[in-house]
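First to last, the sequence lines map onto chains A and B. Each residue of the first sequence is one higher than the last, beginning at 1 in the numbering used here. Each residue of the second sequence is one higher than the last, beginning at 411 in the numbering used here.
It should be emphasised that the hints constitute simulated quantities derived from the structure, not laboratory data. Hints may be right or wrong, so weigh each one.
Facing chain B, according to a computed beta carbon distance under 7 Å, are these residues of chain A, among others [stated by the list, open to error]: (1) 371; (2) 373; (3) 379.
Cross-link-like lysine to aspartate or glutamate pairs, in silico, EDC-like; alpha carbons within 16 Å at most [to be verified]: (4) 24/A with 79/A; (5) 105/A with 68/A; (6) 406/A with 333/A; (7) 451/B with 76/A; (8) 451/B with 154/A; (9) 290/A with 270/A.
Quantities reported herein were computed from a predicted structural model and do not represent experimental measurements. For glycine and all other residues, C-beta sits at the position ideal for the given N, C-alpha and C.
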Amino acid sequence: MKYLVLIFVLFSFEIQASTITVCKSCKIKTIKEAVSLSKDGDSILIKKGIYKEQSIIIINKSIHLIGENNPIIDGEFKETIIKVTANNFSIEGLTLINVGQSYTKDFAAILVSRSKHFVLKNNTLKNVFFGFLIEKSHYGTILNNKVSSHAENEANSGNGIHMWHCSHMKVENNKVSGLRDGIYFEFVKNSTISNNISENNIRYGLHFMFSNNNTYFKNEFKHNGAGVAVMFSKYIIMRENVFHYNWGMASYGLLLKEIYDAQIENNTFEQNTIGINVENCSRIDYTKNKFIRNGWALKFSGGCYKNIFKQNDFLYNAFDLSYNSQLNSNRFENNYWSDYTGYDLNKDGIGDVPYRPVKLFSYIVNRTPEALVLLRSLFVEIINFSEKVAPVFTPDNLIDKKPLMKKVHD
Amino acid sequence: MLKILKYSFFDLMRSRWSYVYFIFYLALGFVLLFLNNDLNKAVITLMNIIIVLTPLIGTIFGVMYYYNSKEFTELLLAQPIKRNTIFMGQYVGIALSLTLSLVLGLGIPFVLYGLFRSTAIFDFSLLLVVGSFLNFIFVALSYNIALSTDNKIKGFGYAILMWLFLAVIYDGIFLISLLLFNDYPLDKFSLIATMLNPIDLSRILILLKLDISALLGYTGAVFRSFFGTSLGMVVSLLLLSLWVILPVFRMNRKLRKKDF
Numbered sequence: 001m002k003y004l005v006l007i008f009v010l011f012s013f014e015i016q017a018s019t020i021t022v023c024k025s026c027k028i029k030t031i032k033e034a035v036s037l038s039k040d041g042d043s044i045l046i047k048k049g050i051y052k053e054q055s056i057i058i059i060n061k062s063i064h065l066i067g068e069n070n071p072i073i074d075g076e077f078k079e080t081i082i083k084v085t086a087n088n089f090s091i092e093g094l095t096l097i098n099v100g101q102s103y104t105k106d107f108a109a110i111l112v113s114r115s116k117h118f119v120l121k122n123n124t125l126k127n128v129f130f131g132f133l134i135e136k137s138h139y140g141t142i143l144n145n146k147v148s149s150h151a152e153n154e155a156n157s158g159n160g161i162h163m164w165h166c167s168h169m170k171v172e173n174n175k176v177s178g179l180r181d182g183i184y185f186e187f188v189k190n191s192t193i194s195n196n197i198s199e200n201n202i203r204y205g206l207h208f209m210f211s212n213n214n215t216y217f218k219n220e221f222k223h224n225g226a227g228v229a230v231m232f233s234k235y236i237i238m239r240e241n242v243f244h245y246n247w248g249m250a251s252y253g254l255l256l257k258e259i260y261d262a263q264i265e266n267n268t269f270e271q272n273t274i275g276i277n278v279e280n281c282s283r284i285d286y287t288k289n290k291f292i293r294n295g296w297a298l299k300f301s302g303g304c305y306k307n308i309f310k311q312n313d314f315l316y317n318a319f320d321l322s323y324n325s326q327l328n329s330n331r332f333e334n335n336y337w338s339d340y341t342g343y344d345l346n347k348d349g350i351g352d353v354p355y356r357p358v359k360l361f362s363y364i365v366n367r368t369p370e371a372l373v374l375l376r377s378l379f380v381e382i383i384n385f386s387e388k389v390a391p392v393f394t395p396d397n398l399i400d401k402k403p404l405m406k407k408v409h410d
Numbered sequence: 411m412l413k414i415l416k417y418s419f420f421d422l423m424r425s426r427w428s429y430v431y432f433i434f435y436l437a438l439g440f441v442l443l444f445l446n447n448d449l450n451k452a453v454i455t456l457m458n459i460i461i462v463l464t465p466l467i468g469t470i471f472g473v474m475y476y477y478n479s480k481e482f483t484e485l486l487l488a489q490p491i492k493r494n495t496i497f498m499g500q501y502v503g504i505a506l507s508l509t510l511s512l513v514l515g516l517g518i519p520f521v522l523y524g525l526f527r528s529t530a531i532f533d534f535s536l537l538l539v540v541g542s543f544l545n546f547i548f549v550a551l552s553y554n555i556a557l558s559t560d561n562k563i564k565g566f567g568y569a570i571l572m573w574l575f576l577a578v579i580y581d582g583i584f585l586i587s588l589l590l591f592n593d594y595p596l597d598k599f600s601l602i603a604t605m606l607n608p609i610d611l612s613r614i615l616i617l618l619k620l621d622i623s624a625l626l627g628y629t630g631a632v633f634r635s636f637f638g639t640s641l642g643m644v645v646s647l648l649l650l651s652l653w654v655i656l657p658v659f660r661m662n663r664k665l666r667k668k669d670f
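If we strip away everything but chain A, and leave its shape as in the complex, we get:
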C-alpha cells in the first residue's frame, strides 16, 4: 500500500511537470502566454525565431525557460524584457536584445528580485542597458552568459551583471563587454566570482562596494576605462585574476579603497598606468602577485597599515612603489625586484643588501606630476642613485630586507 502511494505520488509529479512549446507556428505563439499558462515545475521550450516582447513577468512560479537554437527576444528598446520573482527557476539558451535606456528606471534584460535558487545560463545579451539586474536574491548561479552593449558615456549606460543585496551567488564563465561597469556588486555576501572576462567597459571591469566575504578568482579584466575598483569591503579573497592594459590618465589595474583583511594572491598586473592604487587599506596580504611593466606597480595614498607584501614579482615597472608619507607600517619581504642591483654572497637566494622600492624620482613626481616628463633622463638616474646610497626623502624603514635574487614565477 505504502509503495503504491509513493508510486502514485511520483507519477502525479511527472504529470504536473509538463513542457510548453512556444514557436511561430505552434498553438502558443508568445512567451507571455506560455508563462501565464504554466504551473510550478513546468518547462517552457522556446523554439528558434524572433519574439518581440517585453515585460515577461514570472511571479512565484518555479518554471524553466529554455531556448532551443538561440531564439531571439527583441525588447525593441522599450523596457525590461524578463522580470522574475520566484524560487527554483532557470532561464537558459536565450538571446535577449535591445533593452531601452532610461535616466530614471533601471531597465534590464533579465531582472530578478527577491528570488532564491535560480540558474541563468548560456544566454546572450546584446544591446542592453542593464544586463542581469539581480536584487535581494540568494543562492543564484549565473553561468556561461555573454553580455555586450555599446555604452557611450557613464550617465546613460548600465552595468552588465548588477547585484544588490544578494548572497551566496555564483558568477562563472561570463563574458561582459561594452557596458558601464562589467560586474557590479553592492551589499553582496558570500559569493564566488570566477573565470569571467570583463573588457572594454567604459568605467570599471569589476566594481564592488560593501560586499564582504567574497571570493574572486581566475577572472580577466582588460581595456576597461578605469580598471577595477573595489571599496569598503572586508574579508575578500582575490586569486589568479589578470588585470591588464588599463592605460589612461585615471586608470588602475586595481583600485582598493577601505578594504580590510583581504588576501590578494597570484594575480597578474600587466601594463596598467597604476597596477594597484591603495587607499586606506589595512591588513591585506599580497602574496605571489606579478607586476609587469606598469607605470606604477603600487601607489599608496595614505592610511595604509599593516599590509604585508611577500614573494611578489616586480618586473620592469617605471616605478615600483609610490608612497606619500614618512610613516610606514607596511612590510615588504622576499619580493623579487627587477631593478635590484645587490648581490648574494652566501648563495641562499636572498640578496645581501636591502632594496628600497621608493625612488626619489617617484617621490618628486608625487609632489609635482609634471616632473614625469623627465622620466629616464640621465639627471633623474643620478639623483635616484644618490638617494639610494643615502636616503633622505623616503621613509627609512620602507625597505625589502630580504629581496629575492630569482623570480617567484618563471
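Model the placement of chain B on the given structure of chain A, informed by the hints.
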C-alpha cells in the same frame, strides 16, 4: 663638396675609432639581445644608452676631427675651393660615418634576432632616426665650438661642457624650476622646456612610442594631446631638423669671417 665629403668619410671609415665605435654598438646590440630575447625591452634599454652616448660621441668626434685635420684643412683652404664647401663636406662626412656606425652596429644584431618579424620594428627605426639626428646635431654643435675656439684644450672643455649641460644640467634646472613653481600650471612650460633641448625631445619621442606614453598623459591633457598625435611627431621631427639647420647656418656664417 662631394669630393671632400667622400674624402672625410673614407678617412674616418678607415680610422680606428670608427671601428671601435661600430664594434661597441655591435657588441651592445648582441649582448642586450642575448641577455633578454625580447626586442621591445632591448629597445627601451638601448634608448637609455643612445640618448646619452650618441651626443657624447658626436661631440668628441666632431671636436677631435676638426683639431686633428686642421693642417690639412688649411692646405685645402689655399686651393680655389669655397670655404663652406670644405667645411660642409667635412661635417657631413663625420656625421654620416658616425650614423653609419650606429645604424649598422645596432641594425645587424637586431636584424639577426628577427627584427622584421617583430612588432618592435617601428620603435627601433624611430630609435635609429633619433640617434642619427642626435649625431648630426651634436657634430654640428661641436664644429661650431671648435671653429670659435682656436685653443684645443679650451675647445674640448667647452664641447664637453655643452654636452654636460644638455644631457644633465638642463634637466636639473628644469626639475628645480618645476619644483619651485609647483603652484602654477606647468603643463605648457614643461612642454616647451622639453622641446628646447634635443636630448629631452628625443627621449620624449621614443618614450611616447613605447607604452609609457599613457604615463605621460597623467601630467595633463596638454602633453597627451600634443605628443600623442601625429602632429606632435611631425613638430618634434621638425624641431630636431631645426637643431641641425641652425648650427649649420651659424657655422657657415662664422666661416665667412674667420681668419685662419
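Structure-based check of each hint:
At its closest, the beta carbon of residue 371/A sits 5 Å from a beta carbon of chain B; the interface hint therefore holds under the 7 Å criterion. The interface hint given for residue 373/A holds, since its Cβ lies 5 Å from the closest Cβ of chain B, which is under the 7 Å cut-off. Below 7 Å, beta-carbon pairs count as interface contacts, and residue 379/A has one with chain B at about 4 Å; its hint therefore holds. For the suggested pair residue 24/A and residue 79/A, the alpha carbons sit about 23 Å apart, so the restraint of at most 16 Å is broken.
For the suggested pair residue 105/A and residue 68/A, the alpha carbons sit about 31 Å apart, so the restraint of at most 16 Å is broken. With a C-alpha separation of about 14 Å, the suggested pair residue 406/A and residue 333/A falls inside the 16 Å cut-off, and the hint holds. Between residue 451/B and residue 76/A the alpha-carbon distance is near 50 Å, which puts this suggested pair outside the 16 Å criterion. For the hint pairing residue 451/B with residue 154/A, the CA-to-CA distance comes to about 36 Å; that exceeds 16 Å, so the pair is violated.
Among the hinted pairs, residue 290/A with residue 270/A is consistent with the structure: their alpha-carbon atoms are about 8 Å apart, no more than 16 Å.
Figure legend: structure checked against the earlier numbered hints; hints not met, in rising order: 4, 5, 7, 8.
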